[in-house]
Amino acid sequence: MRIVAEHLSYTYNADSPFATKALDDISLTIEEGEFFGIIGHTGSGKSTFVQHLNGLLRLPSSLKRGKKKDPAVLTVGEFDLTSRKTNFRALRRQVGMVFQYPENQLFAETVFEDVAFGYKNFAEKKPEADEVARAVREALEEVGLDYGEVKGMSPFDLSGGQKRRVAIAGVIVTKPEILVLDEPAAGLDPLGKREVMELLHRLREHWCKTVVVVSHDMDEIAENCTHVAVFAEGKVKKVLPPAELFPHAEELLSLGLDIPLTAKLVLALRKRGMEIDCDYTVEDFVKKVLAQKGEKC
Amino acid sequence: MLKDVSFGQYYPVKSFVHNLDPRLKILFLIGYIVAIFLAKELLALGVAAAVLLLAVLFAHIPFGKVLRAVRGVLFLVLFTAVLNLFFHGGDAVYWDAPAVLWEWKIFRVTQAGIMFSVFLILRLFLLVICSSLLTYTTTPVSLTDGIESLLTPLKWIRFPVHELALIMSIALRFIPILMDETERIMNAQKARGAMLDSGGPAKRVKAIVPVLIPLLLSAFRRADELGDAMDARCYSGGKNRTKYKKLHFSWRDLFALVLLAALIAGIVVMRFFPVFPL
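Taken in order, these protein sequences are the chains called A and B. Once you know that position 79 of the first sequence is 79 in the working numbering, the rest is easy, because the numbers rise by one and skip nothing. Once you know that position 12 of the second sequence is 309 in the working numbering, the rest is easy, because the numbers rise by one and skip nothing.
FYI, nobody ran anything at the bench for these hints, they're computed from the structure. All values derive from a computational prediction rather than experimental measurement. Heads up, some of the hints might be wrong.
Taking lysine-lysine and the DSSO-like style, the derived pairs with C-alpha atoms no more than 30 angstroms apart in a straight line are [claimed, not checked]: (1) B/K500 x A/K151; (2) A/K175 x A/K21; (3) A/K85 x A/K151; (4) A/K238 x A/K209; (5) A/K288 x A/K193; (6) A/K163 x B/K503; (7) B/K540 x A/K151; (8) A/K193 x A/K151; (9) A/K85 x B/K500; (10) A/K193 x A/K175; (11) A/K209 x A/K175; (12) A/K125 x B/K362; (13) A/K151 x A/K120; (14) A/K271 x A/K238; (15) A/K120 x B/K500; (16) B/K503 x A/K120; (17) A/K151 x A/K125; (18) B/K500 x A/K175; (19) B/K337 x B/K452; (20) B/K452 x B/K311; (21) A/K125 x A/K85; (22) B/K503 x B/K452; (23) A/K293 x A/K271; (24) B/K503 x A/K126; (25) A/K237 x A/K293; (26) A/K85 x A/K175; (27) A/K21 x B/K362; (28) A/K85 x B/K503; (29) B/K362 x B/K337; (30) B/K337 x A/K125; (31) A/K288 x A/K237; (32) A/K193 x A/K235; (33) A/K21 x B/K500; (34) A/K125 x A/K193; (35) B/K542 x A/K163; (36) A/K175 x B/K503; (37) A/K193 x A/K209; (38) B/K500 x A/K126; (39) A/K235 x A/K209.
Looking at chain A on its own, in the form it has when it is part of the complex (with noise of 0.2 angstroms):
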């Protein structure tokens, strides 16, 4: 499924004194397969983009109507969210979507119950017992728990790293196409963090096709991500794969936002006269300056 956004503006508390501009216009195609990195300031729209993709945030209807000549479009595969007749569980069915904290959202006695509710919901008809186990189970041992060991235990008595695994299960469970986490290796610790990550790779490769995550961690970002857009000021800046981002190191830099310890690295050794062209991933980037070295030593 392809997201295409065109001319998308949102403003919170329109018409009040509170009234604050979060997206301005913004036009932004994701294809399928993609691992998708949206990185931006806080407050640069970042988040109330991702939530337009599962219709949480839906456009204003007086936008759709008062704007003739460039109107809104928002459409995530066959689903058009600019209308009011889509069928927006059948939508969020389709993209899973992860908060930031997810774990704040656990709620049930058991795991097994947690994991099972967004299945129980998304289910067509009441789903049997067996079927709901099968799936639980899938997910659970998805995202690294031992189902047998967490699938009675209270969430609550789990450790962080565990409660967000818990909480992302509960999200993959119905299988989403796409997959869109807000800040998933927040506030974890750096084995929590590798982890999330190798988990996302995971998921991208046989559970769901894309993979959306909004991130301030620029490493992160530069290893994983297959493309990346900047978001500042409700606008996007830039979307680019992150070999051809990063050296636009100063700009990024300029819109305060940080780069990542490889892109430090070439600026670096660029005002000691040396050229590094890499794609800012860690291996490739001590590849790339090791054949340097060797072809000067």
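Dock chain B against chain A, hints included.
Frame of chain A; chain B shown alone:
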């Protein structure tokens, strides 16, 4: 859904009413409520309504906002009014017609019942508008400052005034935070297919559990964190604490006070010497 809750929210504009001393606004509210319950004839209520209208105009609050506050209690008010209309009874005669206008089994519509219902509706609406005007024009912080200052005399009988004010200000401060949190959790559960805004009442009550439990947990977590933060800064209650903002009584407050006094006096006078005796 949650955005419709407008009661208790501050509306940030600059106006005459916003600048009034919060103590005075609280007194005004209390006095006003007493006045509308003392008022015995429609003219008196009309005068009270006119004063309130004036206050709303001076506060630069859009009428839509004000009406929204009324909408929240609309059902309750109409329900009570309809009940009273049919069951109030009474044999007072206000206009040229029999005292009992309609009767069927236990239902009785009387002139007194109609008058009572009309008064009830008007009074409750005025009450809600006046109290929401207070919260629209007063930040939670100055509201609690005002209450603390007004309750100071109670310290003589060892009433924990400062603690009460602190509890209130924390509660008020947490309203928007918990609203945001609720919305976030609702979104997360909706994304997992929870049907929060459809289905019958029983279904909806059941659907609220996945929102309520995480919300309670987060409220407890926040309360713990706040307690720790206060401990870490050696917070020890009201004794010897100074205030950053001092309350001042100005000419504006005097003007509003005179207006309020006139209103109450007028209504009391009208109670004993009705202008249009019904």
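The hints, checked one at a time:
Between B/K500 and A/K151, the direct Cα distance comes to roughly 26 angstroms. Compliance with the 30 angstroms bound is thereby established for this hinted pair. Note on A/K175 and A/K21: the hinted pairing is violated, with a Cα-Cα distance of about 34 angstroms set against a maximum of 30 angstroms. Among the hinted pairs, A/K85 with A/K151 is inconsistent with the structure: their alpha-carbon atoms are about 38 angstroms apart, more than 30 angstroms. Between the alpha carbons of A/K238 and A/K209 the distance comes to roughly 23 angstroms, so the proposed pair stays at or under 30 angstroms and holds.
Restraint check for A/K288 and A/K193: the C-alpha separation of about 26 angstroms stays at or below 30 angstroms, so the hint holds. Of the pairs offered as hints, the one joining A/K163 and B/K503 holds, with about 24 angstroms between alpha carbons and a cut-off of 30 angstroms not exceeded. Between B/K540 and A/K151, the direct Cα distance comes to roughly 54 angstroms. Violation of the 30 angstroms bound is thereby established for this hinted pair. Restraint check for A/K193 and A/K151: the C-alpha separation of about 23 angstroms stays at or below 30 angstroms, so the hint holds.
Proposed proximity of A/K85 and B/K500 is supported: the alpha carbons are some 24 angstroms apart, at most 30 angstroms. At most 30 angstroms may separate the alpha-carbon atoms for a hinted pair to count; A/K193 and A/K175 meet this at roughly 23 angstroms. As the CA atoms of A/K209 and A/K175 are separated by approximately 10 angstroms, the hinted pair is consistent with the 30 angstroms bound. Pair hint A/K125 plus B/K362 does not hold up; C-alpha atoms about 43 angstroms apart against a cutoff of 30 angstroms.
For the suggested pair A/K151 and A/K120, the alpha carbons sit about 16 angstroms apart, so the restraint of at most 30 angstroms is met. Taking the CA atoms of A/K271 and A/K238, the gap is about 26 angstroms. The hint holds against a cut of 30 angstroms. Between A/K120 and B/K500 the CA atoms are separated by roughly 15 angstroms; this keeps the pair inside 30 angstroms, and the hint holds. Taking the CA atoms of B/K503 and A/K120, the gap is about 14 angstroms. The hint holds against a cut of 30 angstroms.
Restraint check: the Cα-Cα separation between A/K151 and A/K125 comes to about 24 angstroms, which is no more than 30 angstroms; the hinted pair holds. Of the supplied pair hints, the one linking B/K500 and A/K175 holds, its CA atoms being roughly 26 angstroms apart against a limit of 30 angstroms. Between B/K337 and B/K452 the alpha-carbon distance is near 37 angstroms, which puts this suggested pair outside the 30 angstroms criterion. Using a Cα cut-off of 30 angstroms, the hinted pair B/K452 and B/K311 is violated, with the two alpha carbons roughly 34 angstroms apart.
As the CA atoms of A/K125 and A/K85 are separated by approximately 22 angstroms, the hinted pair is consistent with the 30 angstroms bound. With a C-alpha separation of about 46 angstroms, the suggested pair B/K503 and B/K452 falls outside the 30 angstroms cut-off, and the hint is violated. A C-alpha spacing of about 16 angstroms is found between A/K293 and A/K271, which places the hinted pair at or below 30 angstroms, so the restraint holds. In summary, the hint linking B/K503 to A/K126 is supported, as the alpha carbons are separated by about 17 angstroms, within the 30 angstroms threshold.
Simply put, A/K237 and A/K293 have alpha-carbon atoms about 35 angstroms apart, too far for the 30 angstroms limit, and the pair is violated. As the CA atoms of A/K85 and A/K175 are separated by approximately 24 angstroms, the hinted pair is consistent with the 30 angstroms bound. Taking the CA atoms of A/K21 and B/K362, the gap is about 21 angstroms. The hint holds against a cut of 30 angstroms. A distance of roughly 27 angstroms separates the Cα atoms of A/K85 and B/K503; the hinted pair therefore holds under the 30 angstroms criterion.
Simply put, B/K362 and B/K337 have alpha-carbon atoms about 29 angstroms apart, close enough for the 30 angstroms limit, and the pair holds. Restraint check for B/K337 and A/K125: not satisfied, since their Cα atoms lie roughly 61 angstroms apart, outside the 30 angstroms limit. Distance hint between A/K288 and A/K237 is fulfilled; the C-alpha atoms sit about 29 angstroms from each other, no more than 30 angstroms. Taking the CA atoms of A/K193 and A/K235, the gap is about 28 angstroms. The hint holds against a cut of 30 angstroms.
With a C-alpha separation of about 36 angstroms, the suggested pair A/K21 and B/K500 falls outside the 30 angstroms cut-off, and the hint is violated. Restraint check for A/K125 and A/K193: not satisfied, since their Cα atoms lie roughly 37 angstroms apart, outside the 30 angstroms limit. For the given pair, B/K542 sits about 44 angstroms from A/K163 by alpha-carbon distance, which is inconsistent with the 30 angstroms threshold. Distance restraint check for A/K175 and B/K503: the Cα-Cα separation of roughly 25 angstroms lies within the 30 angstroms cut-off, and the hinted pair is therefore satisfied.
Straight-line distance between C-alpha atoms of A/K193 and A/K209 comes to about 21 angstroms, which keeps the hinted pair within the 30 angstroms bound. Restraint check for B/K500 and A/K126: satisfied, since their Cα atoms lie roughly 15 angstroms apart, inside the 30 angstroms limit. Restraint check for A/K235 and A/K209: the C-alpha separation of about 26 angstroms stays at or below 30 angstroms, so the hint holds.
Going through the hint list in order, the structure does not satisfy hints 2, 3, 7, 12, 19, 20, 22, 25, 30, 33, 34, 35.
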